[in-house]
Amino acid sequence: MDDKLLITPAPHISSVKTVRGIMLDVVISLLPATLAGIIIFGIRSLQLVLASVIAAVAAEAIYQKVAKKPVTVNDMSAVVTGLLLALTLPPDAPIWIPIIGSAFAIIVAKQIFGGLGTNFVNPALAGRAFIVAAWPLHMTQDWLNPMTHDAITGATPLAVFNNTGTTSLGVKDLLLGLRAGSLGETCIIALLAGGIYLIARDVIDWRIPVGYLGTLALGTWIFGSPNGFFQGDWLSGILLGGAVLGSIFMATDYVTSPVTPTGRFYMGVGAGIITLLIRVWGGYPEGVTYAILFMNLVTPLIDKYVVPKYYGYMHDIQARKAAAGGGTK
Amino acid sequence: MKESKSSLGFDFIKGFIQENPTFALAIGMCPTLAVTTSVVNGFWMGIAVLFVLTFANVFVSLLRNFIPDEIRIPIFVILIATPVVIVELVMKAYLPAIYEVLGIFVPLIVVNCIIIARAEAFAYRNPVMNSLMDGLGIGAAFTVNLMIVGGIREFLGTGQIVFGSAAFPSVPFFEPAAVMLTPPGGFITLGILMALFNVTIGAKGKTND
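Residue numbers (the numbering used here), protein chains in the order written: chain A, 317 to 645; chain B, 2 to 210.
Derived from the structure by calculation, the hints contain no laboratory data. Among the clues, some could well be false.
Claimed, not checked - One side only, chain A facing chain B, incomplete, derived with CB under 8 angstroms:
#1 379
#2 432
#3 449
#4 450
#5 451
#6 452
#7 455
For each residue, glycine too, the CB sits at the ideal point set by N, CA and C.
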């Protein structure tokens, strides 16, 4: 590549950050949640994580070799995709599920559309959406009980919560992740630690997770209880399910989230609303995947309409009023 | 009116490569996505289009010197609707099971892009024999395309391919992916096939032009 003439999408701000450095930060921030998942759901989780990461890196290398493109597996973005996909899986899923999911995520959702920077949706979530649609039984029934690692028969805590508006789990268990759920979504403390690390390192913008979880909490409080409005258990609403994982690590993907701070806030709010719609009125127990994928699709629209006001700029209407009113204000 | 000087063989074979309706021209997408959940469905849809296309091409070409330019599209539609009704009645009578599956997509052949496009772009300005070969070539290519898309979706979606009473034995350890039988599976299959076509066969066809 010619280093002197760089052709990149906006914004054109030079910085010392590199793709590899950012991706490394994301991997570091995901380690606590991954470790927590392995401790809570057993060594099986480690196999899923390894299979997913190796498959993602291999898919990227093989595709780039076959398509005669420069092989960019060193930028770690495939590792992040594979890791994120593994963390969204039920812990008892068969080992080929993450392999096919990662391959789909990398080849179909990322490389065919031009590779890192030009994918239109988050690859890990696209891979997850594909395997949910392809093998729905594995993705909705292969749950494990925490610590005891035996298979669950019956509804997951989130499904129970969506139907009844209550959960038998205490806040302490929810924070520690001692509940059935996807491999890496349960241990909220580990996820928050990773999120704080990323915000402190200036890798992600706090507006997306805060907007997302805030909207979801507010919406769950208002609509989340079958007994009436304003009685929902908002804390369990955000601690159950994949909202914390999705809002911190997936909705904040640079390529598929808006550029402006206001736009990012809107993205979080939009994803929160869609998650709530799917959970409370929809047919699926969890809506985080589709909420973020949908907001990925409208990201170009948000970027088009949410432009920062620069100094001295007046809106058309304001300008006309100012001209008509003589500008006394 | 400019008459084509291309050979009959070229007019037949171009439907598979340079003017492949599905993968190069990207027309006739509606049946391609909607009915290709199995090889058999793809085959019969393709045969129906092949018949209508050849019939319409021949008659448009025969009448091309009598059709007034201003009202050619309504006349094309009449010439296309006639074989569509024939196909529909024959299918209803002799292949009721297939007709049940293809349903609305058989009468919709009237407005299929491929047929209008070939009438307008080819048959209207070419001799009868060339138009006949064009119709057969494009129709055969369309049939093959539908069978490929249908075959991939049927195999991945059900784990086997059924031909009449014979079925390929299912592969051990293979769990069918339900998504391949749904519309997203159709789009994914078609998109990947189109990309593969254009980096392999399509690219060669362009350099030969």
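Practice task
Tell me if residue 450 of chain A is really an interface residue toward chain B, meaning its C-beta lies closer than 8 angstroms to one of theirs.
Solution key: Nearest chain B Cβ about 4 angstroms off; hint holds.
Handout entry: Closest C-beta approach of residue 432 of chain A to chain B relative to 8 angstroms, hint status
Key = violated (19 angstroms)
Exercise for the section: Could you check if residue 449 of chain A really has its C-beta closer than 8 angstroms to a C-beta on chain B? Expected result: The hint holds - residue 449 of chain A has a Cβ within 8 angstroms of chain B, the shortest such distance being about 4 angstroms.
Exercise for the section: Tell me if residue 455 of chain A is really an interface residue toward chain B, meaning its C-beta lies closer than 8 angstroms to one of theirs. Expected result: Hint on residue 455 of chain A: violated, closest Cβ of chain B at ~11 angstroms, above 8 angstroms.
Problem - Interface hint outcome for residue 452 of chain A [beta carbon to chain B under 8 angstroms] - result: holds (7 angstroms)
Practice task
Let me know if the C-beta of residue 451 of chain A comes in closer than 8 angstroms to any C-beta of chain B, holds or violated.
Solution key: holds (6 angstroms)
Problem - Interface hint status, residue 379 of chain A versus chain B (Cβ within 8 angstroms) - result: Result: violated, 12 angstroms to nearest chain B Cβ.
The structure fails hints 1, 2 and 7 (numbered hints given earlier, in ascending order).
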